[in-house]
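6 protein chains.
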Amino acid sequence: MSRIDGRTADQLRPLTIDRGWSKHAEGSVLVAFGDTKVLCTASFTEGVPRWRRGSGKGWVTAEYSMLPRSTNTRGDRESVRGKIGGRTHEISRLIGRSLRSVVDTKALGENTVVLDCDVLQADGGTRTAAITGAYVALADAVAWGQERKLIKASAKPLSGSVAAVSVGIVKGVPLLDLCYEEDVVAETDMNVVCTGDGRFVEVQGTAEGEPFDRDELNALLDLAVGGCRDLEKGQREALGR
Amino acid sequence: MSRIDGRTADQLRPLTIDRGWSKHAEGSVLVAFGDTKVLCTASFTEGVPRWRRGSGKGWVTAEYSMLPRSTNTRGDRESVRGKIGGRTHEISRLIGRSLRSVVDTKALGENTVVLDCDVLQADGGTRTAAITGAYVALADAVAWGQERKLIKASAKPLSGSVAAVSVGIVKGVPLLDLCYEEDVVAETDMNVVCTGDGRFVEVQGTAEGEPFDRDELNALLDLAVGGCRDLEKGQREALGR
Amino acid sequence: MSRIDGRTADQLRPLTIDRGWSKHAEGSVLVAFGDTKVLCTASFTEGVPRWRRGSGKGWVTAEYSMLPRSTNTRGDRESVRGKIGGRTHEISRLIGRSLRSVVDTKALGENTVVLDCDVLQADGGTRTAAITGAYVALADAVAWGQERKLIKASAKPLSGSVAAVSVGIVKGVPLLDLCYEEDVVAETDMNVVCTGDGRFVEVQGTAEGEPFDRDELNALLDLAVGGCRDLEKGQREALGR
Amino acid sequence: MSRIDGRTADQLRPLTIDRGWSKHAEGSVLVAFGDTKVLCTASFTEGVPRWRRGSGKGWVTAEYSMLPRSTNTRGDRESVRGKIGGRTHEISRLIGRSLRSVVDTKALGENTVVLDCDVLQADGGTRTAAITGAYVALADAVAWGQERKLIKASAKPLSGSVAAVSVGIVKGVPLLDLCYEEDVVAETDMNVVCTGDGRFVEVQGTAEGEPFDRDELNALLDLAVGGCRDLEKGQREALGR
Amino acid sequence: MSRIDGRTADQLRPLTIDRGWSKHAEGSVLVAFGDTKVLCTASFTEGVPRWRRGSGKGWVTAEYSMLPRSTNTRGDRESVRGKIGGRTHEISRLIGRSLRSVVDTKALGENTVVLDCDVLQADGGTRTAAITGAYVALADAVAWGQERKLIKASAKPLSGSVAAVSVGIVKGVPLLDLCYEEDVVAETDMNVVCTGDGRFVEVQGTAEGEPFDRDELNALLDLAVGGCRDLEKGQREALGR
Amino acid sequence: MSRIDGRTADQLRPLTIDRGWSKHAEGSVLVAFGDTKVLCTASFTEGVPRWRRGSGKGWVTAEYSMLPRSTNTRGDRESVRGKIGGRTHEISRLIGRSLRSVVDTKALGENTVVLDCDVLQADGGTRTAAITGAYVALADAVAWGQERKLIKASAKPLSGSVAAVSVGIVKGVPLLDLCYEEDVVAETDMNVVCTGDGRFVEVQGTAEGEPFDRDELNALLDLAVGGCRDLEKGQREALGR
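These protein sequence lines are chains Y, L, Z, S, P and A, in that order.
All the letters of the first sequence, read from the start, carry residue numbers 1 to 241 under UniProt numbering.
All the letters of the second sequence, read from the start, carry residue numbers 1 to 241 under UniProt numbering.
All the letters of the third sequence, read from the start, carry residue numbers 1 to 241 under UniProt numbering.
All the letters of the fourth sequence, read from the start, carry residue numbers 1 to 241 under UniProt numbering.
All the letters of the fifth sequence, read from the start, carry residue numbers 1 to 241 under UniProt numbering.
All the letters of the sixth sequence, read from the start, carry residue numbers 1 to 241 under UniProt numbering.
Any copy will do: because identical chains look the same in the list, a pair fits if it lies in one copy or spans two.
Mimicking DSS-like on lysine-lysine, the simulated pairs with C-alpha atoms at most 30 Å apart in a straight line are: (1) K23 with K233; (2) K23 with K171; (3) K23 with K156; (4) K156 with K171.
If you're looking for bench data, these hints aren't it; they were derived computationally from the structure.
One chain only, chain Y, in its complex shape:
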């Protein structure tokens, strides 16, 4: 079977990680997974939220949002509706949790990094692109903090790297990194977040149609682990390591 855009089942879409996109932010990346484009900025500030003061630990959090016309049909702004929808909440929390899994908050010291992930154009996989790009922006913001001695030179605030990819079963076939047209017809949809050393930070699989069995789950996990390995390579290159 050939995929809609000619990829093989285990192939990622073209990945670009454009570092230093923003003039203002301490770290910033315009990440693209094919036509999905997400602007990730990392804002470094000294100090932590009130509930964490005096703990000696830092804080990392994230906010995700889609521009109203990032999608095929215009969506209402959440600021205009006056409240954030469930999906937005869910993804913001996922991104924050994923990044914190590789952050040593003690080493970060009482500093805060906020990752803003704004989807400029959506074509499936926005949350996984956001996590993958936000990690790079975070790495830059941490380096910024160390250069300015806001973080100790000897500290290692990042214990590893983190990347994410979607996988799914389309017409019975497990596929890596679904684009929008694949995503809407997938029977099962899964987002997997892995560390650079290939372990799991988050596994979220959902049966959109038929429930899935253990073999299907295993096939999807295999694909995802491979995809995250490739993304990790892209992150490393972008960071010039």
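Position chains L, Z, S, P and A against the provided structure of chain Y, taking the given hints into account.
Only chains L, Z, S, P and A this time, still in chain Y's reference frame:
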């Protein structure tokens, strides 16, 4: 290793499913997973939301909430704060999705069932208790609709049953159905939703501390599948089947 | 005339006061006035709201809410609508005021008790059941505070007890403790809150249809005073005094 | 005992009812109870809210609000805070209920009258002034509708008149129509709404300090009935009857 | 051409500035531009918002609002809708900015004056009437602060006066101080805020229909400068200078 | 005097208009005024808002927003705060009004175009860049509608073009197209919107410090008219005319 409440690693907490708790609702269950108590009511109404009218299909949705003092420390009411938090949104969506996985909306006809899952007392696993109880309330509401001929006698709106359980790794040991004290110290936390025939509807695993590897993931899935099988038995008994 | 449920005009519905319902709260009661069931929890915390700090006085407040399907037809959640309705506000304020009428805030010291009254099932008289149950939960929370020396042993934070009942005129006949079916057809509806010694804390009478005259008002007050006396006896028994 | 402003215990403050204050509204009154000034406008529109359409019946409702500096200390605007407080809700509902008690909605036909009661200056008794003034504005709006044949000439949409006054016990003495300085020190506070023929529409008595007994309640009711009789005379004069 | 109300093109509507309208506010004015009536109160408080503390400078801000039936058709309350509309925001900001242009915040010291401008009746030009009236209320509040030594006797917190007027082009003719009927048909609409010495604080011109050219702009500015001069005279008289 | 970035007083920053940026929108432009970058998308939909149905006329509106880290210091998201700020409201309204000034809504037919202007990076002049870019996106969306016959081939929905620029007085010198560093120290700040033929659609001048006189106003208008002429040329080139 002995667990805090004396259970074995693969043992559920005492399960009670108290059907017909409410005088008003078309289906209602007070479900208990040990000290976790959730009131699940199913409200059956003719008609569907505007966006679904004329489709010939029904709709099933869910809302989850915690009473302010269901927890050890009182939490603010979301109605008073004027907005629903991310966690509440996330769980409401999970419950709705899980139930819809066994609903044949065509067979349901243009009817709506709303499941309200209100946590009266929380001791870990509130979302999994909610799904497990809500399925029974939903089954009763569907039966109510069939008795009143709002659903065709020959229709089978439920294609199967659904139950959910939490699993996690505590001090390196995979455990089934975590109580609150286990939950807060777990390194990895996973919620698994299964159909009565043992397939997966939803798998949500999160590393709270160290990332987890494939072997740990497999051990957790084994426990969860066994736990859901036991819960399904409890659901069947409660429904007198 | 015989009432719909066979009671005499001056008879309360069956009263149950189930103390210690909750594992977490410092005081808790599941109170039932017939089919009306309200879960009342009292949360004791050291300290007072900012505006009261340094006054040496404590604070007692209440929040009332109905579960969406506590009623015959499902109501929208106020958390989902994003605002609290007028009726909810009004009743929360009434409960708080009623309880404070028997609290000596100086004797309570700089401690706060929040009463949450959540209606699990509604059949008329939810606010009066809430007040009657909340008083017992409050008494338990105050005792809890005295055992832990957060309140002085010699202090008497409660100057008396408080209970409440509804009365109304149905087809020209004054009746005590209206159930829902009586309530919706009542020409006049009155809620009366009394202290244990038979004095008034709150009298709220409303003509739903025809205005009422002085004689009718007097007949209703007589019924209410008698009803509160009976409720106070139930409270005393529940508290084992 | 002489009152702070020299009145006798059963004496109203100077009453002025300035009809036709607004150029735009179908009925409008600037009512003053001493220094308490409330602008009451009645907006007549054809048609009724959706839930009442086709019933053949009209609708009358009210909204109460205080200008931020109508009081001694500036209060935040509810529009800025983004929600309406409990007190505002409570009073709006009271005004609406009081006016509807003298409206024959069938005779009104499918028309709506909204009463806006905005407190320009507050000195105690704002809700009772609002009810008293709003009745006159309502009468003018109904007359406006009849002149324009939106209401049948033969119909009598108003079955009577309605007025309201506060009473309270200050240092043990029952007083009529409390000004702010009396109100804040009152042990018991009561608002009474009467029809023109001296019957009760609403009785709301609250013990602010000590609970009150039956004799005190009776003394307050006597004062209130007398005060409403005087207010009704003022309303009649203002309407030129 | 004769205007709808008989004025010449460069003539203001009758101006009244009723000082000391409110019993409570430190400064207050009921200002009328013809049938447009705005109640402006100035609330003086010691201290400044948190972000300004320790700066030695004071703060002046404004809030504008319209009563629901100040207009020909009733508008919903912003408090009921739960948010402030764009127009309200815009005008509040304009009033605040205009007043601050003549305030020396250093001379004011760490004190705050809040100007509330509530439109009781609208007939065009509500924002310009609000600015013109608010200046007088502000002057009174500043004088109040100086009498009470909250502002140094030698300080001059007001560097000048400020007034505002609308101008517009109606059927090709530039007109001063548009009433509502003129405003709705104007091709160009402009609000101009001037200091007492004839300089500009704010110029806001908008083409409602055809764009306007430089000559038309100049004609409008000429009219506005003349109108502000007349208003400034009215302010001075009202202040008894 | 040489400007901070070496420009002459009457020189625009480098202008780029990147058409067709978005895969989804009917018209889209990434516009840059120096370091200020705004993504403008035009969403074309058949039909109009309810209040305009049956009029035969179309509707054009705009929404402006800043990404949280488009600025030097991160700002809170308005969706998280739950309400839109005054500045955002004001600018959204300005953009919509400016575009409508060149739209013949009758020729547009009952179609709606929504312009979303999201600031990706801010360095002064975001609103003027938004208007200038949005016009080009609008032109593309209108062309899209004509190609698909949703607008009549013979219709001319755009009566002209529109562009905008900021001007201001910095240290006494009138300057064109202020960057952020100039903007914050400007004594007077003015935004001017012109049509392609050099007439005014909107003139908004504000004294940030000292009031400005007629000569200064004239100098600023001269600069703005010249700047808009240059921008119009850039728009024409981008559209390939």
